[in-house]
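Following the hints, complete the assembly by docking chain B onto the known chain A.
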Amino acid sequence: MASEKKQVAMTGNEAVANAIRQINPDVMAAYPITPQTDIVQFYSTFAANGLVDTQMVTVESEHSAMSATVGASAAGSRAMTATSSQGLALMHEILHIASGFRLPIAMPVVNRAVSAPINIHCDHSDTMAALTTGWIQLYGESAQEAYDNMIQAVKIAEDPRVRLPVMVCYDGFITSHAVENLVLVPDDAVKAFVGEYKSEYGLFDFEKPITFGPLVLPDYFSELKAQQSDAMLAAKEVILEVAEEYEKISGRKYGYFEAYKLDDAERVIVVLSSAAGTTKAVVDELRAAGEKVGLLKPRVLRPFPAEELVKALSGAKVVAVMDRAETFSTQGGQLFAEIRSAFYEASKKPLIKNYIFGLGGRDTTTSDIRKVYEELKKDQERGSVDRKVTHLDVRV
Amino acid sequence: MASLKELSAIPEVLAPGHRLCAGCGAPIVVRQITRAAQGPLVVTNATGCLEVSTTVYPYTSWNTPWIHNAFENAAATASGVEAAYQALKRRGKLDKDVKFVVFGGDGGTYDIGFQSLSGAMERNHNLVYVCYDNGAYMNTGIQRSSATPKGADTTTSPVGKLSYGKRENRKDLTLIMAAHNIPYAAQVSPAHWNDLYQKAEKAFAAGGAAFINALAPCPRGWRHDSKDTIAICRLAVDTCFWPLYEVVEGKTRVTYKPREKKPVTEFLKAQGRFRHLFQPGNEAILEEIQKEVDRRWEELLALEEISNRQGETA
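Those protein sequence lines, which keep their order, are chains A and B. Note that the numbering used here numbers the first sequence so that position 386 is 386, with each residue one more than the last. Note that the numbering used here numbers the second sequence so that position 23 is 23, with each residue one more than the last.
Next up, chain A with everything else stripped away, as it sits in the complex (with noise of 0.2 Å):
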């Protein structure tokens, strides 16, 4: 099926506006920043030709586009935004305000470098410090994959046993702005995929109003961040339905993660979005030479998969979970800390090290990962790693 599909060529931008476009929400906020200016434009575009009816709201800042879509969503409509960087450190309060009224709002957040200093490249330094808003987070290697999430998202946020704001994260300019062949799904397919929305409550029910965002203190609060926690680890199962059902409107397989040749491979980087690409040709290039190396991408990092990933690398020797944002914990990267905990309990586990890389849009090139690889070889051989955290491609 999906080999009769026709392959257009479109930025990952452009790619994620046209799934919004096929998925017409009620509400959009639009906000410029750079690197996802260009979804809000391309999506403005969509609305001044009537390609799409939704209600565009064009705010003043990010803050208000992160509270007019709570608003919107809370009213009881489709409602979204899209964001990158300084623009999700502005939400940042009311990003916990959409997972706390277990809003379903699907938002791409484009990659970028958090200030200071000021930097419009890609790194995941916005979506990291998001970990723990209480929302989904998807990431996509591709315009491809930026674009196959966007519509999930959508479905996996609605669902009643959910009900949770999911982020789609792809990487600023490398993924955002590059031009790549992709393949779309037919406008209707999409529409009958993530259907009509309906909330369960709304402001509009007049007969039974609702109090939306009341004190909660502390004689319940608990009990509804248990629920939230619920909601989250049940979000588990229903993003592998989900993926399922999408694989019959698009023949594209997706998962927690995507593991490319590592069944036997001894020698693993673990990297997040675009670098994965990089990843996967030095993989070919070292396997062609007969090396026993893989990856691991992982597409989902709340909820974290921990026991899928563990099982994933429990056959490795020596794994190298790079991050692409620094905690400053002195510790390693917010990935690498995941992964690593995750294996506290496994009884058998790999050696374990972190790359932070690629800060502020550091080309990360093939030449770097043979590096990495090269340097975990030699870690396997002598039997521990050389050093827990490197920063990787740095002057010093």
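By construction, these hints were calculated from the structure, which means they are not laboratory data. Only a predicted model underlies this, so the values are computations on that prediction, with no experimental measurement involved. Built from N, CA and C at the ideal position, the CB exists for glycine as well. Careful: at least some of the hints might be erroneous.
Output of the computed footprint for chain A on chain B, the stretches with three or more beta carbons under 8 Å from beta carbons of chain A [claimed, not checked]:
#1 61-69
#2 87-98
#3 105-119
With the Cβ distance kept under 7 Å, some of the chain B side facing chain A (calculated, not the full set) [stated by the list, open to error]:
#4 Val56
#5 Asn73
#6 Ser79
#7 Gly80
#8 Ala83
Just chain B now, with coordinates in the frame of chain A:
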């Protein structure tokens, strides 16, 4: 114009039994304004006294759909709610005519919510934003805001050996909102219920963004007896500290002119927060306050005069 008897027969959206203080101006403002909506109404509330005192989970005092998002974003939140209404209506998923009102205190409106409010007004959402102005952050314990009058003793502008209270004049938010050239902006006082109700009706009928600044005494922060709330509101108007006026499509109209303009000290001396100003040595401060009240009143009358002249030439 409805009579008081007729008004009191309109079903209320704010139920009794809420936890606001006796004599608080906020619920009086809420009850008077919401009556004018005359039909389905969605309320958005900024964080503040009104919000915390009316929605202690699992209870609510609101008989109508109500949303509180955060402190600084009530106007943006209401923008989203109103946008959802437009979308659902257009798509045939909602057939009711719904009105939208936002309540925020002066902290949530003049200060932290200023940008969000300005944005919502500029976008001309069909909603009525009501600031209940009690002139300080009362919910957190009486801290000065940009609405706090000069000379007021607050916990962050305390009176001391080197301080006579707040040094700065208050921001004129109503005129700033009028400068957004929205369909309707007005200033009201609960003591003049008739004037207030008529303005609320106009605001709901404006067909776009409307702003109402409502004086709302806080017995705790202003330090007056709870029984004196309405009397102090009247003094605020009669001294021209709080003029009643409206700006409709850019035209200013003063809706109440006191027959005899009382000195501002009449308003000030009724409240403990200004008591220190009447100690010897603070005469100059009182004079400055009076001058500023006079200047603003004259300015308002001049704006009305300009509007009248424009009306004649049109």
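What hints, given by number in increasing order, does this structure fail?
No numbers; nothing is violated.
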